[in-house]
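Based on these hints, arrange chains B, C, D, E and F on the given structure of chain A.
6 protein chains.
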Amino acid sequence: MTDRPFRILAVNSNTDERVTGRVTRAIGDVLPGCHVEGITAGFGPRGIGGRADLTISAMATLSAAVDHPGEHDAIIVACFSDPGLHALREVLDIPVVGIGEASFLTAVQLGARFCVVTVGPRVVPVIEEAVQATGLASRFCGVEIVDTAALQAPDPVPLLLEGVEKAVRGRGAEVAILGGAAFAGLAARVGERSPIPIVGSVEAAAVQALALIHLKAGRPKVGSYARPAVKPMTGLTGRLARLLASEAS
Amino acid sequence: MTDRPFRILAVNSNTDERVTGRVTRAIGDVLPGCHVEGITAGFGPRGIGGRADLTISAMATLSAAVDHPGEHDAIIVACFSDPGLHALREVLDIPVVGIGEASFLTAVQLGARFCVVTVGPRVVPVIEEAVQATGLASRFCGVEIVDTAALQAPDPVPLLLEGVEKAVRGRGAEVAILGGAAFAGLAARVGERSPIPIVGSVEAAAVQALALIHLKAGRPKVGSYARPAVKPMTGLTGRLARLLASEAS
Amino acid sequence: MTDRPFRILAVNSNTDERVTGRVTRAIGDVLPGCHVEGITAGFGPRGIGGRADLTISAMATLSAAVDHPGEHDAIIVACFSDPGLHALREVLDIPVVGIGEASFLTAVQLGARFCVVTVGPRVVPVIEEAVQATGLASRFCGVEIVDTAALQAPDPVPLLLEGVEKAVRGRGAEVAILGGAAFAGLAARVGERSPIPIVGSVEAAAVQALALIHLKAGRPKVGSYARPAVKPMTGLTGRLARLLASEAS
Amino acid sequence: MTDRPFRILAVNSNTDERVTGRVTRAIGDVLPGCHVEGITAGFGPRGIGGRADLTISAMATLSAAVDHPGEHDAIIVACFSDPGLHALREVLDIPVVGIGEASFLTAVQLGARFCVVTVGPRVVPVIEEAVQATGLASRFCGVEIVDTAALQAPDPVPLLLEGVEKAVRGRGAEVAILGGAAFAGLAARVGERSPIPIVGSVEAAAVQALALIHLKAGRPKVGSYARPAVKPMTGLTGRLARLLASEAS
Amino acid sequence: MTDRPFRILAVNSNTDERVTGRVTRAIGDVLPGCHVEGITAGFGPRGIGGRADLTISAMATLSAAVDHPGEHDAIIVACFSDPGLHALREVLDIPVVGIGEASFLTAVQLGARFCVVTVGPRVVPVIEEAVQATGLASRFCGVEIVDTAALQAPDPVPLLLEGVEKAVRGRGAEVAILGGAAFAGLAARVGERSPIPIVGSVEAAAVQALALIHLKAGRPKVGSYARPAVKPMTGLTGRLARLLASEAS
Amino acid sequence: MTDRPFRILAVNSNTDERVTGRVTRAIGDVLPGCHVEGITAGFGPRGIGGRADLTISAMATLSAAVDHPGEHDAIIVACFSDPGLHALREVLDIPVVGIGEASFLTAVQLGARFCVVTVGPRVVPVIEEAVQATGLASRFCGVEIVDTAALQAPDPVPLLLEGVEKAVRGRGAEVAILGGAAFAGLAARVGERSPIPIVGSVEAAAVQALALIHLKAGRPKVGSYARPAVKPMTGLTGRLARLLASEAS
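Protein chains in written order, with UniProt numbering: chain A, 1 to 249; chain B, 1 to 249; chain C, 1 to 249; chain D, 1 to 249; chain E, 1 to 249; chain F, 1 to 249.
For reference, chain A alone in the conformation it holds in the complex:
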């Protein structure tokens, strides 16, 4: 690590470039000294709404991140379900951070019980599964769903704040995560008026990426995140094929 600014690559797992822009700006705002580059999934859904979408987006995120040229110090997967996160950790040598996992781990340092505020009741079990996989179910007080209108509103802050306040009263939430790439950049403004700390999920990933860059813990040589063995592999192209396949398709 020389004196150049840290370089962070943010991968938007959906195909909506406006979200990519919002994510990139939010990371830059939280980490003013860093160079942040944002890329967009090459295929898949414009907005991720379910389990099939996630399977597709995981593949798209893996491809996009691996194929993108340039040297980076960390990668951020900018989708709240962290599609492709664990695959990328296995394949790459730099820290990879997911906005879901990073928010959970950040939130527990700020209060006893955290909630997630987001849109779309359909994602509730998916988020619960993610919290449990991370290991933090005992610190979690549930998902507070706000109206999907929040995504289109000229100013989503009031709707989000309402969700936060509901979670404080009804769930005893002591920290609230704004769950989703689409809410990038809003945490500070919600936080100003909130009774409890607000963790933006993209913002949390930004600061955890910074943390892991400074930690320089290196990558495992053994275990389930060690570099995968190359093997016969068909249908992949580009750098992903070069990293994983012993023979081209």
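Careful, some of the hints might be misleading.
Any copy will do: because identical chains look the same in the list, a pair fits if it lies in one copy or spans two.
Below, computed lysine to aspartate or glutamate pairings styled on EDC-like, alpha-carbon distance capped at 20 Å [said to hold, decoys possible]:
1. Lys231 <-> Asp155
2. Lys216 <-> Glu192
3. Lys221 <-> Asp16
4. Lys221 <-> Glu192
5. Lys221 <-> Glu162
6. Lys166 <-> Asp155
7. Lys231 <-> Asp67
8. Lys221 <-> Glu17
Since the hints were made in silico from the structure, they are not lab data.
Frame of chain A; chains B, C, D, E and F shown alone:
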């Protein structure tokens, strides 16, 4: 459901057609009255060895299963990590069974604590994560790794049996799952000589598919497995695109 | 196992023969090719309502099942608290399935979180304890109690459906189990109008019995379900005494 | 509660009267001011070795305790698996204590992690299930099995002590429970030479019975331990029938 | 232990001597044959309301208990968060009981699920953390907060009873703990009118102290509660310094 | 936050100033652009070895941190059991990070299962309790104890590395935390030769402090970490008294 035999589609998530053959035969042996068809992932690794492989295979399994023509009564995902299982449950109207999940759920009906016997220490945490996601960690006594030679041995039964016996002595296992599509068809022979019941993972999926076909519980109209909304989606083709995308790429 | 149809013995743990009839018919409907025989506990409560009832019914179920003559391929314990289930698994050489356990294990293949819909608030903790003993507490979203009137209603379907819908709205249930032998045969009709899959508990036991019959995993020679040592035993009669006792009383 | 000494009834769930004697003496030694009466199950196994034995002994314990005449201040179920404990709590108005549950709850006040030292590997899962049902799995470090010879040895103390020391070294145990009615009265002598506190299971039940007698918390009027409704019930006799049945068989 | 009455020392962790009096009387009422002495923390908050208060009170409780002269048979830490409990267990040779831990362990012997009724929403997570540390989260159905007015009311019984009844209806509570030293002595009166057993926290500690005195399990020589090594230690005085420090400050 | 470098205050909870120096240097090495100040507990043990030590050190840490003048952007509690951490979070307006909690949360981003390598078997349960309180027990594979000689060795790296390798082989550890302030600054050198990522606990706290400083999530106004009410409080002095007490003693 008329009087025709049940039709089961088995999707091998890796690209090794010998495994597809073995899986198809094993299911047919367990369900003699059923018509079993086996298909092979169209791309991805010949053998699944890690987290990136799983991300790729999930996409390949989803595509292969959805695109395959014909009417089936159930689908079996024939890879012990169940790649694409939850996506398929969301997308399709028929029961979808995973050989990992099905073995865990079958095993707990046969003893107090179950273990998994398989090859490759690298997969241990991945299996632990799957057991925990299923919810059965308190019934699980760990993974017993046998030498990878078991996969190539002319007769892998003795090596597998050794693993089972080690798990009985060292872990107090009361049931053993032979974890992986590659072991399809071996459970009966290991079971003959084993002190505890042996659950073949492909065999377990076969019987759970039969169970769900008879149950006819239907598919959810709400919740995280309801049919996904169509949405703008790029880069998909075939029936997957027709099911998920509101506009072709 | 020859070409004769599978023979399933259903043991109603309470002494109400109408329930036995309902259970037997429901199993036959789900497994049309099987021969189903139903027997009724020889003593104990007409309806099982609590912990003392369960202790008595466990003994009655064990006696009834062991003493009943004839060769069967599987036994179903037809009481939602599965009294005597684990004793029977230890004593007998054929698969034994409980309608409680079987429904939990079937339900998790159909959705992210399951609830139980039943009558009588008093049983709530007993069901919670059973789910936890099975290991599936993290997949469980609670018990929805419907009015006991459901048991006497000419058509209990509307009341049950109301319970299901309440559980969907209030608990985020993605699957509902109709818990109890008394509801045998109603799942299909509730399911037709339900937003989520409905698992009848007797029906689930039927299909899990079919699954275990096909699996032929055999019985353990070691561990906590191995055949019990005969020992000095007083006060037992019939086949139970012959199986367990080294000296008659 | 007048000035008469407290009266405690100990029910030995097996039919071995020597064990009843040992249990009664041990309780008397721990509670010198109390009047202790011991009774023996009227039927069932001489020694409880498995799951069917437990089902039978639960019924025998329930009958014996309920039918025994006289006024008592508390009842102790003297079998480490607590057969019939929860039924008795429901049926009777006085505190009922189980030697298994009581030892777990006592042990956690004496150290960070407790183990159980007992005989017979077959019971290991049964004990694990009991600890988990009590809720204390996170405080439990497993069962240490000593040679069954300990039950017949003229002096079992050295064998038990060896088990304790093994659990200290291998499991980090900080407290050891001597699990089983057969070890009644030995804890003090094992404790003298042990590096960690020893909890005799019968002794623990004695002191917890004393605790609950002093507490006078009364019995629930609602919930799963409220007095059971009388109902049509066949085949019961004596006071159990009078308590539970609305009509004689 | 001679024939003299048992001597119990109660340490009030806050500095309010009225609470000390109430605690001492309540213990005496539950244990009429014992000699009960109450002391008050030498410094810290008059009422403990949060995490900093607890840190200070833990130190104050440790000092007060260790420095107090006289031979006792057991010590009760009379603050519902048990400040200093684990330190005292390590330092002293007699049983040390906390009113929080003791109530949880007593309550689970009286019903399936327990709740805590207390004042001040701020303490909810602290209580949840304590239940979880004890290991009993799966038996716990939450904290029911009653109006702080209960602490000043001439008769707090009606307000507490209302909290209990709310917990029965809304949480399915089967036992209720009155959480806090300030409620010492009220359990019997609340219990008279309550549908479920009421466990006073001070009363529970009293009976658990009695239990541990009778058990005579001794203190550990190894493990995390063994007597601490003396070491260089500055700033301590009195008996605490003599027990822990190798050199005076 | 102006353009001045971030100011971090590290509080060594023990009284050994050499450890304070080591901690301060290690933080400075990981965060080269920050201004790091280290202070030492004003009283208590020179090395923290148990539960009483921790109670004393929590008070000492709270006092030292609160009383130290100057404006800081974050505080690090430099003792692996995080004494006083939660009290400080409640009392102060800036982020407070503990080296134990921070390492657990950092480690799970680097591998599937983490272990702690440290000295002194006595601390094992204390560490297990801390991991569980954080919520991460399901990601934890235990404590690997190395010889206490590691603390005095001229070069402790080989002993620590041996512990790491043992944890990889025996526990399947995928990440290792060097647990304790005394190991500050060693992680990089152990990591160079380790098969898995090494997380120094002080280093982890440094990077999490940096993360929270950038996040600017603010402090809660409600809940269990809200600023404590002032109240009658005796025996405190300095700024702690001014923050907490409504009347001086």
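Taking the hints in turn, this is what the structure says about them:
1. For a Cα distance limit of 20 Å, the shortest separation of lysine 231 from aspartate 155 qualifies neither inside one copy, at 50 Å, nor across copies, at 24 Å.
2. Taking identical chains as interchangeable, the C-alpha atoms of lysine 216 and glutamate 192 lie at most 20 Å apart only when they sit on different chains, with a minimum of 11 Å there against 33 Å within one chain.
3. When the C-alpha separation of lysine 221 and aspartate 16 is checked against a cutoff of 20 Å, the pair qualifies neither within a copy, at 36 Å, nor between copies, at 27 Å.
4. With identical chains, the CA atoms of lysine 221 and glutamate 192 are at most 20 Å apart between copies only, with a shortest distance of 11 Å across copies and 44 Å within one.
5. Within a single copy, lysine 221 and glutamate 162 get their C-alpha atoms only as close as 47 Å, which misses the 20 Å cut-off; across copies the closest is 16 Å, which meets it.
6. Proximity of lysine 166 and aspartate 155 under a CA criterion of 20 Å is satisfied intra-copy only: 19 Å inside one chain copy versus 34 Å between copies.
7. For the identical chains of this complex, lysine 231 and aspartate 67 are intra-copy neighbours only, at 19 Å inside a copy versus 26 Å across copies, given an alpha-carbon limit of 20 Å.
8. When the C-alpha separation of lysine 221 and glutamate 17 is checked against a cutoff of 20 Å, the pair qualifies neither within a copy, at 36 Å, nor between copies, at 31 Å.
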